[in-house]
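Since the structure of chain A is provided, determine the placement of chain B on it from the hints.
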Amino acid sequence: MPNLIDQLDIDNIQPNLWSGTLWRDPQCQQGMKDMLQLLPGFGMWGIVTGVAMAQSELPIAVSLLMGFLVFSAGAQLAAVPLMVVGAPLWIIWLTAACVNLRFVIFSAQTRRHLSCLRPAQRLMAGYVCADLPYVMLMNKYGKSPPASKENPAPLAYFCGLVAVNWTAWHASFVIGVLCAHWIPASWGLGFAGTLALLALLATMMLNRQSGMIAMVACIVAVAAYALPFKLYVVTAVLAAVCAGWMLDRLKLDVANDAATTNTDDT
Amino acid sequence: MSEHLLYWGMAIAGLTAVSVVTRSFFLMIPRDVQVPSWLDKALRYAPLAALSAVVTPDILLRDGVLLTSWRDARLWGAAAALVYSFWKKDMLGMILVGMGTYLVLLLLAGW
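So the protein lines, in turn, are chains A and B. Numbering follows the numbering used here, in which position 78 of the first sequence is assigned residue number 78; successive positions increment by one, without gaps. Numbering follows the numbering used here, in which position 109 of the second sequence is assigned residue number 109; successive positions increment by one, without gaps.
Next comes chain A alone, as it looks inside the complex (with noise of 0.2 Å):
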C-alpha cells in the first residue's frame, strides 16, 4: 500500500508535456525565439538532406516516411546508400547507431531537466532532442538547478526549443525532397548550417579555457576525419571531455597548492 501511495504522489509531482502551463511559460516563447534565429541555418540542411534523399533510388515516399520517423540527417545520408545497395538490416541498423553515438553522450546531459518527465514522456522529449536543442539547453540550463514541477522553466525553454526544431526541420525535410529538381547540389547550400553553427560556437567561447577545449575538439576532429560512421564527432567530444577535465584537475592541483601554503581557509 505504501508503494502506491508513494506512486500516486510522484504522479502528481511530475510535469507533464502536454499541460499548458507548460506551453504558457514565457520561458517557451523564448525558446522559440532562439531557434527561429537559428531557422536559415537548420533549415538549409533539412531542405539539403531532403534534396540528397531525393537524388538517390529510393522512392520518394519511401524518403518521406523515412525522414518523418528517423528524424537525423547523419543516420538517414548514412542508411540510404546502404538501402540501396540492399546491404544486411543490422548493418544498417549499426551504422546509425555509431553515427548518432554522440547523441548518448548527449543524454547524460539532458538528463538532468529531462529526467523529471514520466518514462513515456521522456523518451519523447529524447527523439525530439536533436543537436540544437540539446547545445541550446545546455547553454542557457547546462549549470542550473534541476527542472521540476516548482522550476518548469527549463523544461519549458525546452519545449520552445523542440517545437520550432522539430516542425522547421521536417518542414524543409520535405521542401527538399520535392524541389530536388531545383536544387543544384554543387551549390553546397548545406553551408548555411555550418554558418549558423559557427555563429552559435561564437558566443559560447566565454574564456581562455573554452577556447582551448574548442581548439582540442576542432584538431581532434580533423585527425580522426578519416574513421568510418562520422566517430570523428565522438571522438573530439571525448577528447575534449578529458581536456576539460585534466584542466579541472590541473587548477584544482594549484588552488590545493595554494591553499597549503596559506593559512586561510578558502
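Because the hints were derived from the structure by calculation, they are not lab data. It is possible that part of the hints are untrue.
30 Å max Cα-Cα, derived DSS-like pairs, lysine-lysine [to be verified]:
id, chain 1, residue 1, chain 2, residue 2
1, B, Lys88, A, Lys251
2, A, Lys143, B, Lys41
3, B, Lys89, A, Lys143
Rough simulated footprint, nothing fancy, chain B against chain A, three-plus residues with beta-carbon under 8 Å [claimed, not checked]:
id, stretch
4, 61 to 68
5, 110 to 117
6, 194 to 200
7, 221 to 232
Note that beta-carbon positions come from the ideal geometry of N, C-alpha and C, so glycine has one too.
Below, chain B without anything else, positioned relative to chain A:
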C-alpha cells in the same frame, strides 16, 4: 516490389528505434541515479566540443584533406561571416553575408 517494401519498412523501423534509443539512452536510467559530479563537470564542454567537431571539417577540410590553397570559397565565407558577427549580433545577416561571399567566390571566381 513487395520484398523491397518489407525490407525498407524494417530498415526504417529499426532506424527509428536507433534514433529513439540513442537520444534517450541516459534518460531511461531511473531518476534517483545521479550522474557523478566529476562526470557532470567534465561533460559541460560536450556541447562546445560537438559544435567545433561538426563545423571544423566542413571549413578546413576539402574531400577529407586539409586545405592546400587559400583560394577556398568556404574559408572566406566563414571568415566573412565571423567578421560580420563581431560587428553585428544578427544571425540572419551573418548567414546571408557568409553564404553570399561563399557563393560569389564559388560561382563567379571558381574557387
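Hints and how they fare:
In summary, the hint linking B/Lys88 to A/Lys251 is not supported, as the alpha carbons are separated by about 35 Å, beyond the 30 Å threshold. In summary, the hint linking A/Lys143 to B/Lys41 is supported, as the alpha carbons are separated by about 9 Å, within the 30 Å threshold. For the hint pairing B/Lys89 with A/Lys143, the CA-to-CA distance comes to about 24 Å; that is within 30 Å, so the pair holds. Check result for the stretch 61 to 68 of chain A against chain B: holds, 3 residues qualifying (beta carbon to beta carbon below 8 Å, three or more required).
With a cut-off of 8 Å between beta carbons, the stretch 110 to 117 of chain A has 6 residues touching chain B; three or more are needed, and the interface restraint holds. Given as covered by chain B, the stretch 194 to 200 of chain A passes the check, having 7 residues with a CB less than 8 Å from a CB of that chain where 3 are the minimum. With a threshold of 8 Å between beta carbons, the proposed coverage of the stretch 221 to 232 of chain A by chain B holds, since 5 of its residues qualify and at least three are required.
Violated hints amount to a single one, hint 1; each of the other numbered hints is respected by the structure.
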